[in-house]
Amino acid sequence: MTVPVIPIASESSGSNFIPASSTPYLRSPRNAAVTPSSLQWSIANTMSLSSASSTLLRSCARQQLPTARAAVTSCQQRRGVSDAKASFDSPFVNAGERGSTVKIPNFSKYKSNSSPRTNQVFSYFMAGTMGLASAVGAKATVQDFLVNMSASADVLAQAKVEIALGAIPEGKNVIIKWRGKPVFIRHRTQGEIDEAREVKWESLRDPQTDEDRVQRPEWLVMLGVCTHLGCVPIGEAGDYGGWFCPCHGSHYDISGRIRRGPAPLNLEVPQYQFPEDEVLVIG
Amino acid sequence: MAGISNAIYQSLFRKNAVYLTAIFASAFAFELSFDTASNKVWDSWNAGRQWKDIKPRYLVKDEEEDDD
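Residue numbers (UniProt numbering), protein chains in the order written: chain A, 1 to 283; chain B, 1 to 68.
Think of the hints as simulated: they come from the structure by calculation, not from any bench. Just to be clear, a hint being listed does not mean it is correct.
[To be verified] Derived pair list, reagent style BS3-like, types lysine-lysine, alpha-carbon separation capped at 27 Å:
| id | chain 1 | residue 1 | chain 2 | residue 2 |
| --- | --- | --- | --- | --- |
| 1 | A | K181 | A | K160 |
| 2 | B | K40 | A | K139 |
| 3 | A | K160 | B | K52 |
| 4 | A | K139 | B | K15 |
| 5 | A | K160 | B | K40 |
Predicted model only: the values in this text are computed from it and were never measured.
Could you put the whole structure together from the sequences, leaning on the hints where they help?
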């Protein structure tokens with residue numbers, strides 16, 4: 001009845017013995033971890049499987065255990081001897097002093113001489129400098145992308161139109177092309193200005209004062225695109241003395257505001273300025 | 001030395017808000033000064049070769065042609 005137990009004990013002791021005698025430095029930790037407790041666990045597992053012969057097995061295990069324990073301790077002793085003979089000086093085992101098991105390295109060479117607060121200020125300063133550099137770099141990166149997306153200088157140069165206003169007599173319309181779209185410029189008479197300002201603008205469809213639509217009251221500048229579907233209105237036409245869109249019959253007054261018809265908004269006013277007295281720059 | 005670093009610590013690093021504000025303010029100042037300095041280096045390196053250096057010659061010529 002001892003036959004099924006013997007192979008377990010002999011196998012484990014053999015696997016401990018063979019590497020210990022042949023290659024003491026290449027011993028794997030798995031073999032070194034085979035302890036009597038694990039042997040007991042395997043035996044107990046076997047006992048649960050065959051509960052009928054449990055008493056016999058337990059007695060066999062008690063008989064076999066001392067041999068296995070002796071094998072493990074002998075192997076551990078051998079390892080200790082071979083390590084002591086080696087030239088490698090482990091930092092954790094001090095063989096020279098008896099009773100001392102741990103050797104603490106000397107770190108005083110690396111210790112800072114300045115005060116802790118000085119070291120703290122230095123490390124915070126370095127971290128802050130890093131933050132400074134990354135903030136500047138991030139700003140430059142974002143700015144480069146945004147500048148890349150904006151219009152280049154040649155496009156901007158073409159995007160402006162300069163008009164000499166001295167050639168436009170009072171009471172006349174001029175249509176010029178700006179960025180592919182027509183722009184109406186009207187030199188309004190004083191009567192037209194008064195007419196545009198007398199309108200009760202609060203009740204209009206797109207309420208806007210005439211002062212908001214012009215920089216100089218005698219010069220009305222606006223995009224010649226009907227806000228309904230994009231036709232070009234006809235000047236000096238319509239019921240309100242301004243512009244009339246022939247496509248669907250929108251009437252604009254002398255300030256370019258929608259008065260009747262399907263268009264929802266007033267004629268758009270572009271950005272423009274008067275750099276000199278008689279010069280108009282649109283764009 | 002410890003007194004100076006303690007003063008710096010108490011004034012600048014102790015509060016995180018002050019620390020971050022100081023970082024961004026100094027980033028702004030650094031960028032401004034860095035851009036100015038690099039522009040000056042570039043202008044001195046390319047002195048006499050840029051449009052703003054040779055502009056008076058051509059503008060005078062243009063005006064003479066206009067006069068003609």
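Outcome of the hint check:
1. A/K181 - A/K160: holds (12 Å)
2. B/K40 - A/K139: holds (21 Å)
3. A/K160 - B/K52: holds (23 Å)
4. A/K139 - B/K15: OK: A/K139 and B/K15 at ~25 Å, within 27 Å.
5. A/K160 - B/K40: violated (32 Å)
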